[in-house]
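**Q** Here is how the chains run, residue by residue.
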Amino acid sequence: MSSAAAAPDPAPPLETRLAMVVLRLTPDCREVSRLTSEELDHPLPWGTRSRLRLHRMFCQYCARYAKQLDLLREASQQLPAHIEASERPALGSEAKARLKRALHERAGHSE
Amino acid sequence: MNSPDTITATPSTASLHADPERWVDEHGDCLYRFALTRVRKEEVAEDLVQETLLVAVRTHEKFGGRSTERSWLVGILKNKICDYYRKLGRETNFTDLEFFGDEQSDRFDGENYWIHERGPSDWKPEGEEAMKRAEFWQTIQGCLAKLPDRIATVFSMREIDDVPSKEICATLNISEANLWVMLHRARMALRQDLEANFFDGQGGARL
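Those protein sequences? They're chains A and B, same order as listed. Under our numbering, the residues of the first sequence are numbered 1 to 111, in order. Under our numbering, the residues of the second sequence are numbered 112 to 318, in order.
FYI, nobody ran anything at the bench for these hints, they're computed from the structure. Some hints here could point you the wrong way.
As the list claims (entries may be wrong) - Distance windows between CB atoms, simulated: (1) A/Leu25 - B/Ala288: 23 to 31 Å; (2) A/Ala107 - B/Glu237: 46 to 54 Å; (3) A/Pro43 - B/Arg197: 22 to 30 Å; (4) A/Leu54 - B/Lys189: 38 to 46 Å; (5) A/Arg53 - B/Asn223: 13 to 21 Å; (6) B/Gly186 - A/Trp46: 35 to 43 Å; (7) B/Lys257 - A/Arg24: 32 to 40 Å; (8) B/Lys235 - A/Pro80: 22 to 30 Å.
As the list claims (entries may be wrong) - Over 12 Å on every C-beta distance to chain B, these chain A residues come out as not near it, computed from the model: (9) Glu15; (10) Arg17; (11) Leu18; (12) Trp46; (13) Ser50; (14) Arg51; (15) Leu52; (16) Met57.
What the hints assert, rightly or not - Derived DSSO-like pairs: lysine-lysine, alpha-carbon spacing no greater than 27 Å straight-line: (17) B/Lys277 - B/Lys257; (18) B/Lys152 - B/Lys257; (19) B/Lys189 - A/Lys100; (20) B/Lys173 - A/Lys96; (21) A/Lys96 - B/Lys189; (22) B/Lys152 - A/Lys96; (23) B/Lys152 - B/Lys277; (24) B/Lys152 - A/Lys100; (25) B/Lys198 - A/Lys100; (26) B/Lys257 - B/Lys189; (27) B/Lys173 - A/Lys100; (28) B/Lys277 - B/Lys191.
Ideal Cβ positions, reconstructed from N, Cα and C, are used throughout, including at glycine.
In isolation and in its complexed conformation, chain B is listed as follows (with noise of 0.2 Å):
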């Protein structure tokens, strides 16, 4: 499998024996921030990160030279993230509903209607305009970090990694009906985030 080709095909593949002091230094930073973005938790970031190089050092043979090295090292971190989350679906309650009380309630008047002047602004500047902002990305990143653990966990999932409905409700232990409890609770709160903390500042109409 480790043809002389393979081998000097690309720099990164050009070592037969593991470097994971080399990984370290050279994806580290890459792997890290991709676990934090998914689990939050430095230290189970960083348990993580280790948990994929040990895994690296391993079965670095069978790295033929395929793919890059960072994006072989990025597949054995994907496995360990979903370890973990399906850990997390055994030991946690991932239905206890404590974050579903109602905080949108004053939104809405007495017969679930938007109020008027509390119902969705009018985004200015528009979407592909906001993205090209860094701050709408620091807000949104914000936004996130201020989601409770398990619906973040949730919608990262599904928003982040596109993991398919009933993949997130067998990982996690849930059923389809408290998924789109989670993701309805999760957007609605990043929704109003950002307006508040982006949109809203940027001169668009409140009605």
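This is chain A alone, in the form it adopts within the complex (with noise of 0.2 Å):
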């Protein structure tokens, strides 16, 4: 599918034209970039997510940002993974020391 971000002719070739009618048929792209973000989170409506397919057929900016939230949802997922391994940031000595102390004070000798 050629993309709909060609250079603009006078006359525009049958493709733009087809896809400017379908996508009329569908919600816009800002509506479609909220629906892809509620995607996420809960199943939409069946009427709702064909819209939305056929809107990123057509739509190569709304078939990315799909793409992108997705990738952002995975790397979400193994952000606390990689914040482990980069082991900052780290308490410092004198942030452990603040804590020993206060655990000493408020635990007691209680064990």
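Combine both chains into one complex, guided by the hints.
**A** As structure tokens, this is what we get:
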């Protein structure tokens, strides 16, 4: 499917006009980006999902947006592992000393 | 519960006595990082670590070596973080919409379609490759740090800890509609930020 972002022509080619017609049958890009986000959190009605898929077939930006949100999700899930591996930030010796003092005071010698 | 086998099975359960000083040395950094990622404020993170270790001191006898010492401590910390979130939900107006200005308004045209040069670019390298780069992770952490507190809280609960939507709403005292809006704004901002600060510098296509 050729890109809809072709250089402007005096007469838009058939596929661009087709894309424009189809896109009008689907929600606009702003709405699609909102629904794309929502899709990640709860199932959308079948009709809505179909219209989203149709929109993305003809709109490369919204197609990219969906893929990019997926990547963002995957990266977020891996983030704690990366933070842990980086070993930063660390408490620092002062904070640790503070912590030990506070624990000593508050826990006392109950054990 | 603390049978001799359990005690000697792993070195970390060797001690029957609570040892908060050792816990600070061995697990302090990890607990702090875990908390800070989620609560974002250093003093709060430190407090939560302190509270966690206090609970650990009081309940260490119930720790029968079922899991590692660290995962036991993290479990306590998770509860403390949850308490903190609930407190935030009670004391903060999570639905305050000051972040909900339309910062993306210049990227859509008058009919709400992406403007050609301002739409999402073609990200290169592709996801798997990108996630192998240290720069990618540094950038994404930087992006997260820029999110307003409440948005970041919602995002991290949902995306980092995979808390179900209904539970987030119950904890923070917000409606699902609020939640969707906040997550949408968070994702939109993060996506744009990551694009501008990482992918656009990597040579992918703008159009």
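**Q** For each hint, tell me whether it holds in the structure or not.
**A** Quick rundown of the hints versus the structure:
1. A/Leu25 - B/Ala288: 23 to 31 Å: holds, 26 Å
2. A/Ala107 - B/Glu237: 46 to 54 Å: holds, 51 Å
3. A/Pro43 - B/Arg197: 22 to 30 Å: Hint holds: Cβ distance 27 Å, inside 22 to 30 Å.
4. A/Leu54 - B/Lys189: 38 to 46 Å: Roughly 42 Å apart at Cβ, these two residues keep to the hinted range, so it holds.
5. A/Arg53 - B/Asn223: 13 to 21 Å: This hint holds: roughly 19 Å between Cβ atoms.
6. B/Gly186 - A/Trp46: 35 to 43 Å: holds, 40 Å
7. B/Lys257 - A/Arg24: 32 to 40 Å: holds, 36 Å
8. B/Lys235 - A/Pro80: 22 to 30 Å: holds, 26 Å
9. Glu15: A/Glu15 is indeed farther than 12 Å from all Cβ atoms of chain B, at 16 Å.
10. Arg17: Holds, since 15 Å exceeds 12 Å.
11. Leu18: Non-interface label on A/Leu18 holds, nearest chain B Cβ at 16 Å vs cutoff 12 Å.
12. Trp46: holds, 19 Å
13. Ser50: holds, 19 Å
14. Arg51: Its Cβ never comes within 12 Å of chain B, the nearest being 15 Å, so this holds.
15. Leu52: At about 14 Å from chain B, A/Leu52 clears the 12 Å cut-off, so the statement holds.
16. Met57: holds, 15 Å
17. B/Lys277 - B/Lys257: Judged against 27 Å, a Cα distance of about 26 Å means the pair holds.
18. B/Lys152 - B/Lys257: Cα-Cα ~13 Å, so holds.
19. B/Lys189 - A/Lys100: holds, 21 Å
20. B/Lys173 - A/Lys96: holds, 25 Å
21. A/Lys96 - B/Lys189: holds, 20 Å
22. B/Lys152 - A/Lys96: Since the Cα atoms of B/Lys152 and A/Lys96 sit roughly 17 Å apart, the hinted pair holds (cutoff 27 Å).
23. B/Lys152 - B/Lys277: holds, 25 Å
24. B/Lys152 - A/Lys100: Holds - the C-alpha atoms of A/Lys100 and B/Lys152 are around 20 Å apart, at most 27 Å.
25. B/Lys198 - A/Lys100: With Cα atoms ~26 Å apart, B/Lys198 and A/Lys100 stay inside 27 Å; holds.
26. B/Lys257 - B/Lys189: Holds - the C-alpha atoms of B/Lys189 and B/Lys257 are around 23 Å apart, at most 27 Å.
27. B/Lys173 - A/Lys100: OK: B/Lys173 and A/Lys100 at ~22 Å, within 27 Å.
28. B/Lys277 - B/Lys191: Answer holds: B/Lys277 to B/Lys191 is near 19 Å, not above 27 Å.
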